[in-house]
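Peer 1: Take a look at the letters that make up each chain.
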Amino acid sequence: MASSDDVAIVGIGITSFARQPDKTGMDHGVDAVRKAVADANSSWEDMQFAFGGSAAAGAPDTMVSRLGLTGLQFINVANGCATGGSALFSAINSIKAGMYDVGIAVGFDKHEPGAFRVNTKSGGLGEWYGDVGMALTTQFFGMKLNRYMHDFGITEDTLGKVGEKAFRNGSMNENAWRRKPLSEAQVKESAMLSYPLTQYMFCSPGEGGVALVLCRADQAHKYNKNPIMLNAAMVRSRRFGSFEVFSQHLAPEWNAGPTVDTSKAAFEMAGMGPEDIDIAQLQDTEVGAEIMHMAENGFCEHGEQEHMIAMGETEITGRLPVNTDGGCLANGEPIGASGLRQVYENVLQLRGDAGNRQVPNDPKTAYTHVYGAPGISGVTILSR
Amino acid sequence: MATQVPVGEGLFTWPSDDPRLIGSRCLDCDNHMFPAQDDCPKCAGNSTEKVELKNQGTLWTWTIQGYPPKSPPYKGPSDPKTFEPYGVGYIELADQLKVESRLTISTKEELNIGMEMELVIVPLYTNDEGEEVMTFAFAPTA
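Chains as they are written, first to last, in my numbering: chain A, 1 to 384; chain B, 385 to 526.
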């Protein structure tokens, strides 16, 4: 039975993540909000609060001039790849604290084509770091994965299989950017960008918008006959010894990283464990990230991924479907929207509304995970 | 011969016949850092001293930068027609730290986790003043 401090998601909205030259990042945000509010059988005037995130497409709170000047509390959130998770964390606690009954979390972005151009100054790095050609996120992913494959026996075939799955799932998602299926061989044989990672093993910065309407669970049926419970939303930063993007040095000792801490905290908040999860959306900046994050989030031991993926356990029809909408690989990574896209997909799957990519295991619980610079992670757990 | 200048101040001893990276050491917990910084992220202390780091170590992990980085910020040759891939890795300096560095080799057949490497100072680009800008890198131990 829902109590007054439980939180439900009662409206969801998403825009196409395809490249659209005539559409601004803010357009994505406004469209997503309108869709989410309509999905909640509600109106913008009913929203009591908003948390909005965008890394590169303008201040989210300026969208009120298009949505309506209702005087609501609108707070901008900027927390890198965990922007969406941070917006949800803020929303969940605004409701749990009894401050508000219903509100919205929105994220959107639009990035220039190609790898992210890194501002070494705002990242707390010396200018020399960019000068010498080390301020590239792609290098970190290649180096973390190279060491991981060495330590835990993950093969290049498995990297190719994860890419093949992403583009196959993306081909079934009308909102995905890259909808053309690619074979394992095509993924492996594309241009080598940062060994061992090839072009089609990486996601690209992209564009898109997602909005979610959240409310007190005991009022959820006013808005939606099929509410989804938000059991946990957690964000953590790194601890000493972890291996992160833009680490100019690493400690001799080793720490498993912020994903492990975030995951444990989220499972504790939800009163669940990894064995209780039916479907997972995991940060797949590149194929190796998905593989490593399966273990870091507690879904298997390090090294077990090789066998799990060979057996198809992470396919839509598998035991633990992972990145059912094609993930970042097929959708691109608009930073402000990316984490909320994962939650959107899980709500769709839990409602049974995912159409031709609906997982057949009658999912009751769903998990999202993001990871990004400079070593932050965000996790959510949903249930119905 | 063009004047040689370091890519950043305080990164390595230069000019020098036997160059070393300049890091810092926490006086409270012995944690090592590079580049040198005043605060210690391990024990949250702020008593550090500058130290010259070991110039030899083992390759802990590596990758090869296969496409030209965006410029800015990259200052090396980035013309797609002439771009040459370069290696990047972490070199474990025993009892100190693992330092991120460019590598002098960039073919995967020659790169192996655990191989012995040593510090070298190499040219990166020529600046507008005609000076040769130098950076640090690690090369297989001769």
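Check the hints yourself; a few may be wrong.
[Claimed, not checked] Using 27 Å as the maximum straight-line C-alpha spacing, the simulated DSS-like pairs for lysine-lysine come out as follows: (1) B:K454 x A:K264; (2) A:K23 x B:K454; (3) B:K492 x A:K121; (4) A:K35 x A:K96; (5) A:K121 x B:K434; (6) A:K35 x A:K222; (7) A:K264 x B:K426; (8) A:K35 x A:K264.
No wet-lab data here; the hints were simulated from the structure.
In this text, all values refer to a predicted model and were calculated from it rather than measured experimentally.
Peer 1: Next step is simple, just say for each hint if it's right about the structure.
Peer 2: Verification of the supplied hints:
no.: 1; hint: B:K454 x A:K264; in the structure: violated (37 Å)
no.: 2; hint: A:K23 x B:K454; in the structure: holds (25 Å)
no.: 3; hint: B:K492 x A:K121; in the structure: violated (32 Å)
no.: 4; hint: A:K35 x A:K96; in the structure: holds (25 Å)
no.: 5; hint: A:K121 x B:K434; in the structure: holds (23 Å)
no.: 6; hint: A:K35 x A:K222; in the structure: holds (17 Å)
no.: 7; hint: A:K264 x B:K426; in the structure: holds (22 Å)
no.: 8; hint: A:K35 x A:K264; in the structure: violated (33 Å)
Taken one by one, the earlier hints fail for this structure at numbers 1, 3 and 8, listed in ascending order.
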